[in-house]
Each structure stands twice: as C-alpha cells, then as structure tokens.
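Number of protein chains: 2
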Amino acid sequence: MKNNTKKAIIALSGGMDSCVSTAIAKLEYDELYAFHANYGQRTLKRELQAFNDIADYFDIKEKLIVNFTHLTQIGGSSLTDKNIEVSKADFSNKRSLSRLGGIPSSYVPFRNANILSACVSWAEVVNAEAIFIGAVHEDSSGYPDCRPEFYKAFEKVIDIGTKPSTKIKIITPVIYLSKDEIVKKGIELDAPLHLTWSCYKNEDVACGVCDSCALRLRAFQKAGIEDPIEYKEKPDYLLQE
Amino acid sequence: MKNNTKKAIIALSGGMDSCVSTAIAKLEYDELYAFHANYGQRTLKRELQAFNDIADYFDIKEKLIVNFTHLTQIGGSSLTDKNIEVSKADFSNKRSLSRLGGIPSSYVPFRNANILSACVSWAEVVNAEAIFIGAVHEDSSGYPDCRPEFYKAFEKVIDIGTKPSTKIKIITPVIYLSKDEIVKKGIELDAPLHLTWSCYKNEDVACGVCDSCALRLRAFQKAGIEDPIEYKEKPDYLLQE
Chain A
4 MKNNTKKAII
14 ALSGGMDSCV
24 STAIAKLEYD
34 ELYAFHANYG
44 QRTLKRELQA
54 FNDIADYFDI
64 KEKLIVNFTH
74 LTQIGGSSLT
84 DKNIEVSKAD
94 FSNKRSLSRL
104 GGIPSSYVPF
114 RNANILSACV
124 SWAEVVNAEA
134 IFIGAVHEDS
144 SGYPDCRPEF
154 YKAFEKVIDI
164 GTKPSTKIKI
174 ITPVIYLSKD
184 EIVKKGIELD
194 APLHLTWSCY
204 KNEDVACGVC
214 DSCALRLRAF
224 QKAGIEDPIE
234 YKEKPDYLLQ
244 E
Chain B
4 MKNNTKKAII
14 ALSGGMDSCV
24 STAIAKLEYD
34 ELYAFHANYG
44 QRTLKRELQA
54 FNDIADYFDI
64 KEKLIVNFTH
74 LTQIGGSSLT
84 DKNIEVSKAD
94 FSNKRSLSRL
104 GGIPSSYVPF
114 RNANILSACV
124 SWAEVVNAEA
134 IFIGAVHEDS
144 SGYPDCRPEF
154 YKAFEKVIDI
164 GTKPSTKIKI
174 ITPVIYLSKD
184 EIVKKGIELD
194 APLHLTWSCY
204 KNEDVACGVC
214 DSCALRLRAF
224 QKAGIEDPIE
234 YKEKPDYLLQ
244 E
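Just so you know, the sequences run in chain order A and B. Each residue of the first sequence is one higher than the last, beginning at 4 in my numbering. Each residue of the second sequence is one higher than the last, beginning at 4 in my numbering.
One should not assume that every hint holds.
A pair counts as met if it fits within one copy or between any two copies, since identical chains are not told apart.
The calculated lysine-lysine pairs, modelled on DSS-like cross-linking and capped at a C-alpha distance of 27 Å, are [unchecked claim]:
#, residue 1, residue 2
1, 172, 29
2, 29, 64
3, 155, 166
4, 85, 166
5, 166, 91
6, 172, 159
7, 225, 188
8, 155, 170
9, 159, 170
10, 64, 85
11, 172, 155
12, 85, 10
13, 48, 204
14, 204, 166
To be clear, the hints were calculated from the coordinates, so they are not data collected in a lab.
The task is simple: from the sequences and hints, build the whole structure.
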C-alpha cells in the first residue's frame, strides 16, 4: 500500500443520496470503506441488500455492517417502532410531509450522530481522511441531523475528541442539492440508481406513497427521467403534474 | 408520572468514576436511566456485572445495555484488540502512563462519542434533560475524548442535531477532580465503591499493575482509604511511598 493512498469512509444506507455520494467520493479517493447501519428499520433486509449491491458495484475496499440494536430498543420513530405509522406524503399541504411536532415521524432520534461516531472510530484506525455522508438539507426532509450546521459542529467534536495526529473531514456532497439534482448527478456519474432502495415501508415492491417514495418519484419526474425501480402504486399528483 | 419528574441518563461503565457520578446525579434527579456499552473490552463480563450491581444499588429506573460490536471489529486499542498488549503503569516516567504516540494504548477510538450519541437518542425519547458521564480530565489519563472541550463541543452537536424542543445537557461531575478526590467524594456520598471494577486486564482478581489499577490504587493511597477490592499484586511504588 502506498503511503499517499487517499482513503475515505462512506456512510452507505442503500438509498439514492448515499449512492450518488459514493460516486462522488470515488472521483477523489483511491480507497473507499463502506459503513452500513441496521437500526431496526422496517426495510432493514432490503436496505442491506441495496448496500451490498452498491458496494460491489463501486469495488469498495472494506465493508462494515453494524447492528445498532439500541436504536430499535429506544424507538421513537415510525421507522423503528411498529406502533408509529409510516405516514403517506401529502404535498397539497404547504408544510408538505407528515410531521410530529414539526419533525417527520420517520426521524430516528440522533441517528446520524450514532452513524458518524462509528465512522470516525473506523476512520481513525484505518487512517481515512474523510467521511462522506449523503445528508440532504431540503426543506421537505426536516431532519435536524441533516442540517449543514450539524456536520460543522460534529467536525469540531472530531477534531477535539480524536488523537492530535488524526484529521478527518466530514463531506456532505449532496447536502445543498435538490432531489432531482441528485438524480441528475447520479445519471451523470453513472451511479447505479437501479440498485438503490428508498421505500420506508415495503421490502418487495416500493409502496410509492410513503414520504421517501414520494420524494423520490417527484425527483425523477422533475428531472425528466424514468425511475428504474418498480412501484406498487404511484400517487395522484404525479399523474396530474 | 408527574410532569416535572427530573430525568437523567447516566453512562455507567462500572468503574469508580461513573459510580461516583451516579451518586452525584442521584442528588438532583428523580429518575436515572443507566446506559452501559459492551465494546469488546477484555473485562466485558466483569464490567457488566459491576454495572448491574451499581444500577441495583442506586435503584435505577431503566437499564439499556448496548453491544457496540463495531468497536471490537474496528479495534485499534489494547482494550479491544488482543494483539495490542495492556501496558503496565510506570509512574517513574514523567509522562507517567504508557502511550502510543502520546495517547495511552488503551484509548478506544472515539468511544465516548459513540456512547454519548446513543445516550442522546435515548434521552430524546424518554425526555431526559441531562446525560451524566464520568470522564476525568487528569493529565495521567490522556484520552482526547475525556477533555472538557470535547463535551462542550458535543453539547452543541446535540443542540443542533435533535428536535427544537429537545434540550439535553451533558454533565461531567468529576471531570476536574483528581482520582483521590473522586474516592473521597464517593465515600462522602456513600457510593458503592466495593461494587466497582477498574482493572483493564483481569476479570477474577484485579491485576494491580495495569494503568487503570495503578491509578486507582494510588488514588486510594493518597486519599488515605483502604481500597475495598482485592488485588493480585500491588506495584512497588505503593509500598515505597
């Protein structure tokens, strides 16, 4: 191994945003290390399959799959607690997606900090100089741990909380992109969007109506590109627009 | 449950520092939630026993035990990687404890951020307003994730990365105390120091010579109090002083 091998960790959920982020990371880094978290989400198995498929596509150096069972035990999200319903998207409402006190019910409390912390531990040991994460700061997502300020503050924690010789950047390459720009960027970089999984609800055929499917379908529609995956149903507004 | 029930999470490893921190938390909070992480440390079983004993002693409201298997897989520390030796303390050296590039070989990369992130997820769901962690900023420890600045920076990440209604403080009640002051504080508050476990190496009888045993033994000696637990051997300097 050369000493100047540039290494990066990629937090790869198996969705579109992290898939396109991987394609971007690949442009600049020699070796990618892919991190995936199972946290008891409803579509855990399907997301893991997407993770593996995408990691293989990009010829990832090493994979690390982590079971965050505590996030399942803790609950508090429609993704991890079966008693909280996965809501259907409603773009007719100005505040668009379903919220629980202003935050979508799919928000998994502080999930991204749990993911980043594990990625930093790994990065410090394998000497990776960057962590890529596909967070998107779109009004419509509304997750507090997807905001640019969050990653800036976390970088400071890394700087203080690791060895003096450790220097790790957090790179959020799609954070300011809209979902349709992410689709276009993916097409441009030959990212395997057909291997990604976005649905919050189903594992066989994407439901088409949960917040995540709805955002994805709308993004492909706006980008003027056909979504390569299959859907159980497509929401009315897609046909109207 | 009253609405004004004051709840706190305590990160309880089973060592002296977290035990005394629990006793301090108990003074101000009505309900304590105890968090414990197995991260593949050599003395995992013994620490878990100490955690359970201390939690029972303090009549903890809820316990959450988490398996951070990724920290074992990642390694990079003498506590989690059997190929890295647990070093013996050498107080004759000015820089006192055994270091790996200035940082003790027992440093588990970014461990405390992993622990805090999980505690924040839990705190957000159970509405706890504080997280207690028994970090000690003694020159002799040398862990970057035990510094006061680290916790200050992490508090900012919590503030940004959780729901707007969530307010969680990090409280490090023993961070500026020396180890002998922690012993004295524990005695003052009736903390069950006899139930704690500090040894990095053994699970039956504490070795007495690893960094952690050495710091503990020296602390009791300085405090002029007999350590209630048994040791396999005691280092020479203890007899000399």
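The hints, checked one at a time:
1. 172 with 29: Result: close within a single copy only, 16 Å intra versus 39 Å inter.
2. 29 with 64: within (11 Å within a copy, 47 Å between copies)
3. 155 with 166: both (19 Å within a copy, 17 Å between copies)
4. 85 with 166: For residue 85 and residue 166, only the inter-copy Cα distance (21 Å) is at most 27 Å; the intra-copy one is 41 Å.
5. 166 with 91: between (45 Å within a copy, 21 Å between copies)
6. 172 with 159: both (10 Å within a copy, 18 Å between copies)
7. 225 with 188: within (13 Å within a copy, 64 Å between copies)
8. 155 with 170: both (14 Å within a copy, 19 Å between copies)
9. 159 with 170: both (11 Å within a copy, 20 Å between copies)
10. 64 with 85: This pair counts as between: shortest inter-copy Cα distance 24 Å, intra-copy 35 Å.
11. 172 with 155: both (9 Å within a copy, 19 Å between copies)
12. 85 with 10: between (38 Å within a copy, 26 Å between copies)
13. 48 with 204: Within. Shortest intra-copy distance 12 Å satisfies the 27 Å Cα cut-off; inter-copy 38 Å does not.
14. 204 with 166: between (41 Å within a copy, 23 Å between copies)
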